Amino acid sequence: MHVIIDYGLGNLNSVQKGFERVGIETKISDQLKDIRDSHSLILPGVGAYRDAIKLLKDKGMDQALIEQVNKGKPIIGICLGMQLLFEVSYEYGMHQGLGLIKGEIMKMEIPLKVPHMGWNSLTFNQPNDPILKYINEGDYVYYVHSYFARCEGNNIIAFSDYHIQVPGIVRKDNIYGMQFHPEKSGQVGHNLLKAYKELII
Amino acid sequence: MLAKRIIPCLDVRNGRVVKGKKFQDIIDVDSPEKLGKFYSDEGADELVFYDITASSDERQISLEFVKQVADTINIPFCVGGGVSTIDDFVTILRKGADKVSINSSAVKNPSLIQQASEKFGAQCVVLSIDAKKNDEGSWSVYVKGGREKTPLDAIEWAVEGVKLGAGEIVVNSIDEDGMKSGYDIDLLRKITSRVNVPVIASGGAGTMEHFRQAVHEANVDGILAASVFHFGEIKISDLKKYLNNNGVLVRK
Numbered sequence: 000m001h002v003i004i005d006y007g008l009g010n011l012n013s014v015q016k017g018f019e020r021v022g023i024e025t026k027i028s029d030q031l032k033d034i035r036d037s038h039s040l041i042l043p044g045v046g047a048y049r050d051a052i053k054l055l056k057d058k059g060m061d062q063a064l065i066e067q068v069n070k071g072k073p074i075i076g077i078c079l080g081m082q083l084l085f086e087v088s089y090e091y092g093m094h095q096g097l098g099l100i101k102g103e104i105m106k107m108e109i110p111l112k113v114p115h116m117g118w119n120s121l122t123f124n125q126p127n128d129p130i131l132k133y134i135n136e137g138d139y140v141y142y143v144h145s146y147f148a149r150c151e152g153n154n155i156i157a158f159s160d161y162h163i164q165v166p167g168i169v170r171k172d173n174i175y176g177m178q179f180h181p182e183k184s185g186q187v188g189h190n191l192l193k194a195y196k197e198l199i200i
Numbered sequence: 000m001l002a003k004r005i006i007p008c009l010d011v012r013n014g015r016v017v018k019g020k021k022f023q024d025i026i027d028v029d030s031p032e033k034l035g036k037f038y039s040d041e042g043a044d045e046l047v048f049y050d051i052t053a054s055s056d057e058r059q060i061s062l063e064f065v066k067q068v069a070d071t072i073n074i075p076f077c078v079g080g081g082v083s084t085i086d087d088f089v090t091i092l093r094k095g096a097d098k099v100s101i102n103s104s105a106v107k108n109p110s111l112i113q114q115a116s117e118k119f120g121a122q123c124v125v126l127s128i129d130a131k132k133n134d135e136g137s138w139s140v141y142v143k144g145g146r147e148k149t150p151l152d153a154i155e156w157a158v159e160g161v162k163l164g165a166g167e168i169v170v171n172s173i174d175e176d177g178m179k180s181g182y183d184i185d186l187l188r189k190i191t192s193r194v195n196v197p198v199i200a201s202g203g204a205g206t207m208e209h210f211r212q213a214v215h216e217a218n219v220d221g222i223l224a225a226s227v228f229h230f231g232e233i234k235i236s237d238l239k240k241y242l243n244n245n246g247v248l249v250r251k
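Keeping their order, the protein sequence lines are chains A and B.
The first sequence runs 0 to 200 under numbering that gives the first Met the number 0.
The second sequence runs 0 to 251 under numbering that gives the first Met the number 0.
One chain only, chain A, in its complex shape:
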């Protein structure tokens, strides 16, 4: 069972469909038991960091996630879900994240339009990572975000250039994160999820 964590924000249907299209059947749940019994975890995300982390904490899901991931269970965070994997965010105040990957979530202070919204191309930082198996450098993915992850280079698998280098795909061992929306990124997003499936099944 692959569990999409439901912490009460946003529409999870598109995420579920995205995984379903590559043959990953998922269950949307906010139950600790499902998190423990799952084969892998999907942390989606729309909305504000503070609300998201509070909702996870209120139900004890934060500890359950950390416990399972530390045991080696695969997790993938998408958009805000990726940002939640890091130690801290500065979105409207300072908020502690799950701390699964070293780094912090910062506002994009750049002379370009924010949010960073639309299709941007990926540059590979760790070209041999298996998640990149079915895509090519320069392929486009769909972003919508105003904050980005400042983290160590060896955790950045691919990035996009938007005045700064925006980490697009991050990884630490069994933990993946995508700042863009693979479920909205057409064939490229599909191919990323297809590669992810091979890593978890």
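It should be emphasised that the hints constitute simulated quantities derived from the structure, not laboratory data.
Be aware that one or more of the hints could be misleading.
[Stated by the list, open to error] Incomplete in silico selection of chain B near chain A, CB under 7 Å:
| id | residue |
| --- | --- |
| 1 | Leu-1 |
| 2 | Ala-2 |
| 3 | Lys-36 |
| 4 | Asp-70 |
| 5 | Pro-75 |
All values reported here derive from a predicted model rather than from experimental measurement.
For every residue, glycine included, the Cβ atom is placed at its ideal position computed from N, Cα and C.
Given the coordinates of chain A, work out where chain B should sit on it, guided by the hints.
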């Protein structure tokens, strides 16, 4: 860097697409999700669906197409037409749309922009402006499908809309709509120089050159068109090749 977006616009009435009947290779040409998928496969970067269902009673049923589209395509899409309340936003976003566009209702009740932006985030809120040149050398905002003139100035309304929280502006030129003689570059340029959110050009596309012009001369972020795509005059895949060869960064 960010690619410029090519956006086909589809009119939907009672859950069926009412333009674009020339696609003989699609079995069910009137279905929004099939036509949406066709455009998505052709390389469209985003889709806009305008629900033009006349009766508000029928709207709830009509909006079922939004879920079908969300289940079928994997690129972002926006839904507009007849949106006037926060509840309309909730309905459309819950069915899986990424953005909601508002037009007349925002003119009538500007606080709707603010409420929606605070509740769902600016990236979901698209302010669509119907503009027509006036005798004073500027552009007036029109509502009710371009039938009713308002005292608003289009450029100032765009600025105000962004201040209220709109995350994207679509500028429809009433003068150019259907003329196929190019986008209203002058108006678009004035708006892009005043706002710091994406601006989408709409109304006037006739040739591939018009798309290039809107990007190079008016600095727009996306280009919307309907009939040139629906009637097969311009293929999105050809358009993208053309733009790519002529200095416009587009998604390949």
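Hint check:
no.	hint	in the structure
1	Leu-1	5 Å, holds
2	Ala-2	4 Å, holds
3	Lys-36	11 Å, violated
4	Asp-70	6 Å, holds
5	Pro-75	5 Å, holds
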